[in-house]
Amino acid sequence: MQDRNIPSRPPWPQRLHIRFLAIVSFAFLLIIVPCAWLIFSLMHQADDAMLTARVGNLSARAAGAIERHGAYVDPALAGDLMAPLAADRAFLCAELRNGTSVVAALPASQGCVAGQEGHYFEIPVDDKGTWILRAGFTDAELVKLRNLEMLLGLAAISVAFFAVLVAGGVSYRFLIWRPLNRLTDGILHSARSGSRSVIPWNSRDEMGLVVGAYNNLVLSETERERQLQDSVERIQASESALATLNQELEQRVQERTLELEIAKREADRANDSKTQFLWSMSHELRTPLNAILGFSEIMSRELFGRITPVRYKSFADDIHYSGQHLLKVINDLLDIARIEVGRETLVDEPTDIAALLAETLRVIAPLAHDGGVRLESRMDRNSMTLRIDPVKMRQILINLLGNAVKHTPADGTVSIEARIAPDGRVAFVVEDTGPGIPAEFLDQVMEPFGRAEGVSPHLQKGTGLGLPLARKMAELHGGELVLHSEVGVGTRVTVYLPANRQITDGHITDRHMADLPVGRTGTDA
Amino acid sequence: MNAIRTILLVAALLGLGAGPASAETSPSLTEKAALQAAMQRHIDRTLVDGAILHLDRASGEVQRLHPVTAHPMILIYGEHFVLCFDFRDDAGNNVPIDYYMARQGGSYTVFHTAVADRALLQDLMAAGKVTR
Chain A
4 MQDRNIPSRP
14 PWPQRLHIRF
24 LAIVSFAFLL
34 IIVPCAWLIF
44 SLMHQADDAM
54 LTARVGNLSA
64 RAAGAIERHG
74 AYVDPALAGD
84 LMAPLAADRA
94 FLCAELRNGT
104 SVVAALPASQ
114 GCVAGQEGHY
124 FEIPVDDKGT
134 WILRAGFTDA
144 ELVKLRNLEM
154 LLGLAAISVA
164 FFAVLVAGGV
174 SYRFLIWRPL
184 NRLTDGILHS
194 ARSGSRSVIP
204 WNSRDEMGLV
214 VGAYNNLVLS
224 ETERERQLQD
234 SVERIQASES
244 ALATLNQELE
254 QRVQERTLEL
264 EIAKREADRA
274 NDSKTQFLWS
284 MSHELRTPLN
294 AILGFSEIMS
304 RELFGRITPV
314 RYKSFADDIH
324 YSGQHLLKVI
334 NDLLDIARIE
344 VGRETLVDEP
354 TDIAALLAET
364 LRVIAPLAHD
374 GGVRLESRMD
384 RNSMTLRIDP
394 VKMRQILINL
404 LGNAVKHTPA
414 DGTVSIEARI
424 APDGRVAFVV
434 EDTGPGIPAE
444 FLDQVMEPFG
454 RAEGVSPHLQ
464 KGTGLGLPLA
474 RKMAELHGGE
484 LVLHSEVGVG
494 TRVTVYLPAN
504 RQITDGHITD
514 RHMADLPVGR
524 TGTDA
Chain B
-8 MNAIRTILLV
2 AALLGLGAGP
12 ASAETSPSLT
22 EKAALQAAMQ
32 RHIDRTLVDG
42 AILHLDRASG
52 EVQRLHPVTA
62 HPMILIYGEH
72 FVLCFDFRDD
82 AGNNVPIDYY
92 MARQGGSYTV
102 FHTAVADRAL
112 LQDLMAAGKV
122 TR
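Chains A and B supply the protein sequences, listed in that same order. The working numbering applies: residue 4 is where the first sequence begins, and numbers increase by one. The working numbering applies: residue -8 is where the second sequence begins, and numbers increase by one.
Check before you lean on any hint, since a few could be wrong.
What the hints assert, rightly or not - Straight-line distance between alpha carbons at most 20 Å, and here's what the computed SDA-like set of lysine to any residue pairs gives:
| hint | chain 1 | residue 1 | chain 2 | residue 2 |
| --- | --- | --- | --- | --- |
| 1 | A | K131 | B | G96 |
| 2 | A | K147 | B | S19 |
| 3 | B | K120 | B | N84 |
Stated by the list, open to error - The following residues of chain B were derived to be distant from chain A, with all beta-carbon distances above 12 Å:
| hint | residue |
| --- | --- |
| 4 | D35 |
| 5 | V53 |
| 6 | G69 |
| 7 | N85 |
| 8 | V86 |
| 9 | A118 |
It is worth saying that the hints were derived from the structure and are not from the lab. All residues carry an ideal CB built from backbone N, CA and C; glycine is no exception.
Only chain A is shown next, with the shape it has when bound in the complex (with noise of 0.2 Å):
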């Protein structure tokens, strides 16, 4: 936590409790100055009409007494007749007078003296205005009095602002510097340690709401920071537990990597193995059942006179045919495990694509014929070259047209098509109007001897070796063999060559198209 975010106390002039203080002085000062002044001057009111009206009164009734006893012809009569108005000490004298000369005066010897500080005021006696009574008082004990009020007042406002501050500045020590305080300590406190604890205070005011609501954050940002950290351990050992575990991963995976690299080479060497033993025995194979083929095809063919009984010709037939369709056998595995071992190596060549189609029907020609199938082929132009190896083109195409016409039912069609697909490649696509093979036996005759087993007996004709071969054929031209098959509908197989085997494009010639068995737009084979 850095110091310089943490702010200081203020200045003494912008303390709250100064601010306060000076606020309450103000307010009092401006309450009180005013009221007392107004006290004060109706109590000067009041005094100098008490004054007056004494003096007044006092003056008017010894007038009166003087006039209903006629004391103006009497001196000593009207000083007697004045005489009380010397109890009043704001009196300072009397006068009867008639004009100017004076009758009767108080203090008798004297009367008012010329120049005498005071207030004076005549009175007059008869009706007519010809005695008149004069009387001077004074207000000295009234100022003394109200000097001695002030000053008593001004002692009192003294005390009282004395008071207020003193009242004012413990309350607020009591009910907002304390709280206020102990809140602005834990603040700091919490801001330089980066630690929040709570602050001991229960009162029920408004310092009180403010300093239980501080502690409620306190204490939910404590439990929030709990939680935080309880989450942060838990994902932290997370954490730890996920990586043991993936070092007991690794290591497995390692371990299995490693079997797997085992088992995948004694696989290959297994697989090495049966491909050279199937090489090994088929080459072997193929010399004996060369000597079977020719002496069974003599024996057939009765070079050397009838065969007696005829049965034995019969058989000799048999021998032949069993003998031709091992041989194909043999062939097909013995192509497979050359491509497998990688000794099957492609003679590309300049290939008119019509010319071979036209050769491939020619040869599956009596198969359709045999079982009842209509061949059709089609070309999206009029010639197509290609750079490829003819004799395993014919043969993949044999394969697939072969396997169709086995697996079409009498009256059904079996159509081959040489296009250009939409991303370029070289498409030969062999579909037929067969039963179909359902979806998930679609990877497993791709497969040598794979066969959809106990689904259809016409999908069990065969070796299971065609579609494999014509897949590795198309994989060693670079290319690749796609099976479609919808049961009830068909089967579409197609042979997909890369672009840059095709070499011009252009008419058909005339031997071509007469070499063609069946129509370009299709035609009964």
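Given the structure of chain A, go ahead and fit chain B onto it with the hints provided.
Same frame as chain A, now just chain B:
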């Protein structure tokens, strides 16, 4: 801020109220004493056997009002003054009489007497014509 503003307003009003609004026209001590004496002399001259006689218009009877004491307060009525004196009737009830006085030369004279008619004085004070 509202509290401070209220305090200032109250203080200003108090200050204005406490001010000697009638200080310029307020009579001096000498005048006040003369006024009190003139009122007293007027009452003395109107006494009949120690009491003033008052015709009560409501009852049609003449009341005897005995003077008791003068009010010290002198009210200002423009150039004139209003003073008050407490009387007591025969039944012992207090009856205030307001004397409206005017200057006459160097003395003062009563030009109107309001017997138990405080409503008149209150109306004049309410109209701002009579002030303290």
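Proposed proximity, G96(B) with K131(A) (alpha carbon, max 20 Å): holds, 14 Å
D35(B) remote from chain A - nearest C-beta pair above 12 Å: violated, 4 Å
Given hint S19(B) paired with K147(A) - CA-CA distance at most 20 Å: Given that 20 Å is the threshold and the Cα spacing comes to 19 Å, the pair holds.
Interface exclusion of N85(B) relative to chain A, criterion Cβ beyond 12 Å: holds, 17 Å
Pair hint outcome, K120(B) versus N84(B) [Cα-Cα no greater than 20 Å]: violated, 29 Å
G69(B) non-interfacial with respect to chain A [C-beta, more than 12 Å]: holds, 19 Å
12 Å Cβ clearance of V53(B) from chain A: holds, 23 Å
Beyond 12 Å from every chain A Cβ - status for A118(B): For A118(B), whose nearest Cβ neighbour in chain A is about 22 Å away, the distance exceeds 12 Å, so it holds.
Interface-negative label, V86(B) against chain A, beta-carbon threshold 12 Å: holds, 18 Å
Of the hints listed earlier, those the structure fails to meet are numbers 3, 4, in rising order.
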